[in-house]
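Could you slot chains B, C, D, E, F, G and H onto chain A? The hints should help.
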Amino acid sequence: MTDANTGARSPENPLKTKGKVSLGQEEKQSFAPFMITFVLMFATWLILSGNFAPLLISLGLISSLIVAWFFHDLLFPSLTGKHLGIFIKFSAYIPWLIIEIIKANFHLLYLVFHPRMKELIDPHIIDFKTNLESDLAVTTLANSITLTPGTITVTTGSDGSYRVHAIDKPSAEALPGTMLDKVADIYGENK
Amino acid sequence: MELITSIKPLLAVLVTLLVMPVLVSSSNKPNVREGWTFVAGTIKFLLVLSMLPVILDGNQIVFTLVKIAPGADIAFRVDPLGMMFALVASALYIVTSMYSIGYMRGLNEHGQTRFVTFFALAISATIGAAFSANLLTLYLFYEILSLATYPLVTHHQDANSRVSGRRYLTFILGTSIGLVLPAMIWCYHITGTLEFSGAGIFSGQLSKPHATVLLLMFVFGFAKAGIMPFHSWLPAAMVAPTPVSALLHAVAVVKVGVFSIVRVITGIFGIEFLSSFELGAVVAGIASVTILVSSAIALSQDEFKRRLAYSTIGQLSYIVLGAALLSPKGVTGGMLHIAMHAFGKITLFFCAGAIFVATGRKYLSQMVGIGYRMPVTMTAFLIGALSIIGLPPTGGFISKWYLVLGTLEGDQMVMLFVLLTSSLLNAAYFMPIFYRAFFCTPEEAMFERKVDEAPLMCVIPLVITALISFVLFFAPQPFLNLAAMAVKGFIGG
Amino acid sequence: MNNYPAIVVIAPLLGALFAGVAAWVEDRATYPIALASLGIAAAAAVNDLITVMISGPIQYNMAGWAPPMGIEYRIDGLNALVLVLITGIAFLNLVASYKNVQQETPDRSGSFYVMYLLFVVGLVGVVSTGDLFNLYVLIEITSLSSYTMIALGDKDRGAIASLNYIFIGVIGASFYLLGVGYIYIKTGSLNMADVAAMIPAMTESSTLLVAFILCIIGVWIKMALFPLHVWLPNAYAFAPVGFARIVAPLMTKVMVYVMVRLMVSVFGYDYIFTTLSLSDGVVWMGTIAILAGGIIALSQKNLKKMMTYIIVCEIGYMVGGAWLGNELGMTGAILHIVNDALMTFALFLAVGNMVYKLDRVDITDLQGLFAKMPWTMGGFVIAAFSIVGVPPTCGFFSKWYLILGAFEAGAYHFAAALLVSSLICAVLFFKVFEVCFFEPMSEGHGHGDDHGHGHDSHGEHAAVAIEEAPVASVITLAVVSVSLIVVGLYSGTIVDRIILPFLN
Amino acid sequence: MNIIDIIVAFLLVSGFIFFLGGAIGIIRMPDFYSRLHPAGKLDTLGIGAMVAGLAVYNLHHFSLTALLVSGKMLLIVFFVFMSSPTATHSIVDAGMRAGLRPWTRKEGANMEQSEPRKEEN
Amino acid sequence: MNTFFLSIAMGLCLLMFMSLYRCLFGPTVLDRLIGVNAIGSKTVVLLLLIGCLYERVDMFVDIALAYAFLNFVAVIAASRYFHKRKGLYEESFND
Amino acid sequence: MPELLDLIVDKYNYWLYIVLMMIGLYAMIGKNNLIKKLVGMNIFQTAIILFYVSIGYKKGATIPIIQGDHGHGAADAVIKAADYINPLPHVLMLTAIVVSVATFGVAMALCVKIYQRYQTLEEDELRMRLSEK
Amino acid sequence: MKLVGFIIVCLTGGLLLYGTGELPAWGDPNSPASTHLSDDYITLALEQTEAPNLVTAVLADYRGFDTMFETAVVFCAGLACFLLLRDFRPKKDHYYRHVPTGVMLHVKNEARTVRTGREFEDMDREWVPSDTIIKTVCRILIPFIQIYALYVVAHGDFSPGGGFQGGVIFGSSLILLAISYNLKTLVKRVTEKFLGVFSSLGVLVYVGIGAIAMALGGNFLDYGKYAPIFGEHHIRALGMLGVEIGVGMAVTAVMVIIYINIVSEGRHDEGL
Amino acid sequence: MSWPIDLVILTFVIFCAIAAISVRDLLGTAILFGAYSFMMCLLWAVMGAVDVAFTEASVGAGVSTVFFVAAVFRTSRRTKD
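Residue numbers (the numbering used here), protein chains in the order written: chain A, 19 to 209; chain B, 44 to 536; chain C, 3 to 506; chain D, 37 to 157; chain E, 7 to 101; chain F, 782 to 914; chain G, 518 to 789; chain H, 1199 to 1279.
Just so you know, the hints here were simulated from the structure itself, not pulled from any lab data. No false leads were slipped in.
Straight-line alpha carbon distances no greater than 27 Å define the calculated DSSO-like cross-link-like pairs of lysine-lysine that follow: (1) B:51 - B:110; (2) A:100 - A:200; (3) E:90 - G:608; (4) C:101 - G:710; (5) E:90 - A:147; (6) E:90 - G:609; (7) E:90 - G:625.
Treat the numbers as computed from the prediction; the structure is a model and nothing was measured.
For reference, chain A alone in the conformation it holds in the complex (with noise of 0.2 Å):
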C-alpha cells in the first residue's frame, strides 16, 4: 500500500523559507515588514504616477496598502535589523558589479566576434561550495555569477552548492573568486 519513493528529490522545502528567526519573534514583528512594505509600495507608486492629485494619492495609498497587507511576507518573509545594514552594503556594491558586467560583456563581445570562436570557447560545468546560506545571498551571488564573466549559474542547492556553465576556462577559473566574498560580507554570512 504504501510505498516509500526515496528517488531523487531534492531535501529542500518550498514552502516555509528558512528564516533564522523563530515563531514568536514573528509574530511580534509582524508589523514592521507591513509598514516597511507599505512605504516602499507608495515610493514606487509615487514615481510611476508623477502626478499628485489629491484623488490619485489616495488611490495609490489605498493600493499600497492592499499590495502590503495581502503580499508584505513575500517582500519580508521575515526582519530583522541587519536589512538595513544589508540594504546599504548592497548600495555599495552594485557599483562594482556593473563593472564587473561591463567587462564581462567585452569579454563576451570579444568571443562572439572573434572568427575562429569555437577554438576560443572552451564550455565547462564546474559544481563549487560555498557557506551562504540565506536565500538572499543565494540569489545575490547566482544572479551575479550569471551576470559576469562568461558563466552561467546552472542550479543551486540550499545548501550553497552551486552548479556553474562557464564559457571557457579563464572564466571558470574565476570562480568563485572575490564576488562570493563580497556577497558573504554583505550577508553578514562570511564565516
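Same frame as chain A, but now just chains B, C, D, E, F, G and H:
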C-alpha cells in the same frame, strides 16, 4: 338574405372539443365518460338544430373567430349546404356513440377513453368543416380531421393497423399538403381572398389551362373524397373498429372530402365559371371512372367492410359527379346524396359491426344463412342496401333521381348511362349478400337457426338509421329544401 | 425616463452576477435569483412591446450619449417581438429545467444558471442593439456561453462538438467583424441608422459589396445555413438538456434576426435587391437548405439529431423567405422566427422530458411512450404538427406567408421545397409517433389479431404505468403547446400590428 | 549637438553594439548553453545602455514629470537586471533538467544530436 | 535626432531578425526560447524608441515596463515546463 | 505600372493583413492538430485587429492621448482633430482582443478536457476513436 | 481537408483583395473613418469626459456599454473554465513528503492514512523542488509588479492602460507566484471561493455603477448623474475610474481562475 | 515617418505566423506564438495604438503564452503537422 352574427357555429364546433378533457379525466369511470359523450353530442345536435330555422328562413349565420390575413380569416358561416351536412353528422354522432358503446364493450376493446376522445375531436372537426366560411377554415378542419382520425384508424395498434395507418396518412396528408395547400395559396395569390361565394372568387383572372390544373389539384387533393387514384386509403382504413368505419368512413371523413370538393366547385370556382370553361366534364369524367371501377372492384371483395368501402368510393363519386354536372338538379342531387348515402351506408356498417360483435366473422363467404340468426340486423341491411342502390322506398332513391334529372338537364347521356350501370352494379354486389343470408339451403347455412342478435346497444342504432333511411323517402323535405336553397345560392343568386 | 429597453438586458446580467456571487456563498439561492431576473426581463420586454405598439419605436441612448457617438438601443416592432420571445422562452425553460439541471450538473448547478443568464443577456442584447460593433460583442458573449454549455453536455463528444463549434463560430463572428470594419472604413460610423443613411450614396463601391458579403456570410455561418451547418447538429444534440432547450430555439433564430436587421435596417432593400439583385441565388440556397436538412433528418436514428436537422431545414425557410425580396416573404420570415422558436422550444422541451426518463433517445428507444408519458407526447405531437404546418398551429401560418411570398416572387421552386419539406417532416414525425404508439403492443400483450379476446376484464391497458417528467416541465410544455395554437390564431394580429408597421 | 545628445548617442550606439553582439552570438554559438551567454548578458547590458540613453534624452526638456519618466525608465533597467539573469538561469536549468548535454571542445560539434543524458539533482 | 532614432530602430529590427533566425530554426525548443527572450529584450527598447519618435515617451514607458515583466513571466513559465517534463527533442515526446 | 505600384505601396498594410488572415484561416481549416487550429484562430483574429488598427492610423498624427499637463487645464488649448489618431478603432480592438483571449482560454480548457478523455489532440485520431465506439 | 482549406482561403482572399482595391490609402487623414466620427471624439472627448486618454474616454464612457459586455465576456470565460475543468472528485492517489528527510511517500489507497502536519506534507505527483533563485527573485518582484498593476488600473484615463491591462498584470503576478513557488501556495493564498466571488463582484461593480445611475434618474451608465453625490468636478472621470476598478477586479480573478484550472486540470493541486 | 519599421515588423509577423503553425512541436508553437505577439505589440505601438499595444503586450505576450504552455503541459507536445 340576411347575415346574422352569432356564436352558435363556434359553440357547435367547440362543445365536443371542450368535453375532451372531461372525457380524459373520467377514464376510470366508463359510464360517466359515455354520459358526457351523449350530453355533448346532444348539445351539439341541438345547437345545430337551433340554427336550422334561421337557415330555412333564407338567412345565414356568420361568425369570425380571428383574422389571419385579409380575405382569409378563421370564420364560420352557416349556409344551407353546410347546415345539411352538419345536421347529418351531428345526428349520426349520437347514434354512433350509442353504437360504439355496444361495440367496444362487446369486444372488450382497449383504449376506450382514447377512442371516445378522438371521436369527439373528429366530430368537432367535421362540424367545423361544415360551417367553414372560407377555404382556409375548411382546410384547417380538414387537416385536424385527418390527424384526429389517425389514432382511431390505428386503434388496434398492431402491425396490420400500422401499415394501414401509414397508408392512410400518406394519402390524406400527402394530397392535402402537396396539392390542396399550394392550390389554396395559388388562389389566394391570384384573388386575395378565399371566401366562399356563390359566384366564385375568380373573375377572369384565370386562363383555362390554369383553371383546369387548379381544379384538378383540388379534386385530387381532397383525397378523403376517394376519387381514384387516391382512393386506396379507404379500404385500408377498414382495419379500424367498426364505429369508426361507420361514422368516419361513411359519414364524417369521406363526406368532408366530397363536401370540400362541392364547396370548391360551387364556392371557389362557381358554377358559371366552370361551365364557361366546360370544366365540369373533366371532373364528371373522373368521377364516372371512379364510380364504375370501384363498383366493379367491390364485386370481388369478400371482406364485408372492404366491400362497403369500395361501395363508398363509388357513392362518393356520385356526389362529385352531381356537383360536376353543373346543372341545378344535378347539384341538388349531389347534395342530397350526402345525406342519403350517409344514412344508408352507416346502417350497412353498423350491420357489419353487429355481425362481427355477435359472431366474430368478417368475411362474406362466412355469412351464409346469417339472416336467420340476426334477422333484425339483416333487415336493416336490406333497407340500407336499397338506399345505396337507389331503389324506393328509401331516401337513396330521391337523390339518385335528382342526379338522373341532372344528367338529363345537362343533356349528358353518357353520365346517365354511367349512373344506371353503376346502380346495376350496386345491386349486384349487395343483393347476393342479402340473398345468401336468408335464402340458402339448410346445408349451406353456417349458423344455427336461433336468433342471437348483437348487444342491444348495437342493434338499436342500426334500426334507427335504417328507419331514417326509410322515412327519408317519404319526407325528404328538410334536406330537399336545404339543397334547393343552396343551389339557388350557387346558381340563381 | 423610460428605462425598460436597458432593463431587459441589465436584469439578467445583474441576475447572473448576483447568482455568480451566490453560487459561492449559498448555492440554493441561484435558482430563485435567475428566475426573478428573467421574470423582470420578460416583464420589461412585454412593456417594450406594448409601448412600441402604442407609440412607435423607442430610442434609448446608453450612457446618455446621442447615437453616432454613443451606443443606441432602438426598439421597434421586430426587436420588441423577438425580445418578448427570448425572455419568455428563457423564463419558461428555466422553470421547466430545474430538475434536468439537478440531474445533469448536480455539483455546479449554480454556475450553470449563471452561464444560462449570460447566454440570455447576449441574445437579448443582440436583439436590442442599434450598434454594429455592440452586436459583435454580444454575439461573442452568447457564443462563449453556448460553447461552454455544449461542452458540459455529452461526456464523450460534448467537448469535441463544442470545439468544432468554436472554430466555426469564431470564423463566423470574425467575418462579421471584418464586414463591420469594411463598413466602418467606408462610412466612418458604426451606428446602424447612421450607416443606413450613408449607404445609398455609395452603392457602386466594391468595398461595400465585400462588407455586405462578409457580414452576411458571417451571420450565415452562425445561423447554420445549409452548407455551413456542419457544427450545429453535434453541438445541439450533445448539449445538456436544460441548455439545448434554449439554444436550439433561440440561437439560430436570433441570427436570422440579425440577418433581417442587416438587410432591412442597414443595407436596405434597394441595395440588396435592386443594385445587387442577389435574391435568386440566395433563395435557391434556401431551397437547397430546406431539402437537404429534411432529407438528412430522415436518415437520423437519434431523436435529438433529427431535431437539429429540422432546425437546419427551418433556417432554409427563413433565409429563403427573407431573400424573396417582397414584403410577404419578409413577413413570413419574421413570423417564422417567432413560430419556429416556439415550435423548436416545444419539441426540445418534450425531448428533454423524454431524456429525463429515458436517458437515450434513439428512435427505437421510444417504444410505448404515448402510454408512458401521455402529456409529454401530447405536447410533442402539437409541436410536430406545427413543424409540419398543420393549421391552426402557428407553423402553418408562417408557411402560408412564405409560400405566398414565393408565388409573388415567382420562386416556385422555393414554394415547392416548402411543401416537400412539410411532407418530409410529416413522414419524419409519424415515424416517431408510430414507434411511440405501436411498439409496446408487440411485447406481451398479444394483440396481434383484431378481435380482443382474452383481455383484462376492465378493458384498459393497465400494464404501462405512467411515468411523467417533472411537473414543472410538463406544465411548461402544456403552456407552450397551447401558445403554439394561440400564436397561430393570432398571427394575423401579429402581422398587422407589429410586422407590417416595422416593414413599412 | 550639445553634450546631452552626445551622451545619448554614445549610450544608444554602445547599447546597439551589445545587442549586435548578442544577436550574432545567438546565431554563431555552437550549443544551447553557450548561446545563453550572449543572450543573457549582452542583451541585458544592451537594454541597460539603451534605456539609460533614452532616459537621458528624455531629460532634455527638464521638468519634474520628465524626471519621473526617466525614473520609470530606470525602473525598467532595474527590473531587467533582476529578471534577466533569473530568466537565463531558468532556461539553463530547464536545459539541464531536460537532459541536454553541453557542447565541449573535445567532443566536437556533433554533440547536440547525441542521446540526452538523464540529469537528476 | 529623429533620423538617428529611426536608424537605431531599424538596426534593432535587423537584430531582431537575427534572433528570429534562432526562433524559427532553433534545433530545440529551448533555443527558440532564447530567441524569443532576445527578441523581447529588443522589443522593450524598440518600444521606447517609438515613444521617442512620437515624442510621447512617457506614454510608452508603461508599455515597456509591462512588457519586460510579462516577457519574464512567459519565459519562466515555458522553462518551468522542462522542470516537470522530460524529453527535449521535438517529436520525441510521447506519453 | 506606376499606378499599380502606388496601389501596392499605399495599402501594403491591407495587403499584408490579408496574407496574415489567410495564413490563420488555412491553419484553422487545414491543420490536423486542435491546438494548431487554435493558433490559426488567434492569428486570424489578430489579422482583423491589424485591419482595424490600420484603419485608425493617420499620417502625421500622434497617439490618441491629449498632450498637456495630464489633461487638467488642457481643455483651454484648441484640440485639432488632425493631430490625433482616431481612437475609435483602438477601442473596438481592445474589446476584440479581450474577446479573443477569452475564447482562447475556453478553447484551451476544452483541449485539456478532450485530451483527458481521448489522450490525443489530433483530429483524425479523434475521429477514429469516435467511430470505434 | 487541406485542399478544402486551400480553396476556401483562395476564395476569401480573392474577395478581400477585391474589396481592398478601393480602400483609402493607409494613413490617409481624409478617409471617412478618420473624419466622420473620430473628429467628434477627438475634439469633444476631453471637454465632455475630462479624460485625456481618448481611448479610455471612448472605451469607458461613450462606448462604456460595449466594455461592460467585454468584461462580462471575460467573466464568462472564467466561469467557463471552472465549469469545464473543475474536478471535485477526491484524488485516488496521495503523495506525501517527509519534511526532514525529503522522502516521498506514495499512497495508492483512497483513504488518507498519513496525517499531514509538521512532518508530512501533501505533495503532487509531479512535484519538483522549486528553484531558490526564481523563487527569491519573484518574491521580491511580485509586490512591485502588483503596485504597478494597480497604478495601471488607476491611471487608465491619463496614460495607456486601464482596468483590463492592469487586471491582467495583477493576474500574471499571481500566476508568477504559482509558477515560482507552486500552485498550492497560490490556492492557499487566494482561495477558489474568493476568486469566484471576486470575478462576479468586479463585473457587478461595473454594472452596479450603471444601474445606480439609472436609479438616480439617468440613462444606464450615465456617470453624470452621480454629480449630486460626488460633486460636478471630474464626475465622469470618476465614473470611469470606478468602472476600470471593476474591470480590473474581474480580469484579475478570471485570469487566475483560467490558469489554475488549465494547469491543474481542475484539481487545484499541482501545476507548472 | 515610421513606415519602414512598420513594414519590417509586418514581415516579421508573417514569418512568425507561418513558423508558429508549421513547427512540429506544440511547445515550440507556444513560444513562437509568444514571439508573434511581441511583434504584434510593436506593430500596434508603431501605428500609435498605445492602448492596443498595451493590451496585446499583457495578453498576447504574457497571459496567453502562459495559458498555452499550461495547456501543453497538461496535454502533449506531439503534433503531426
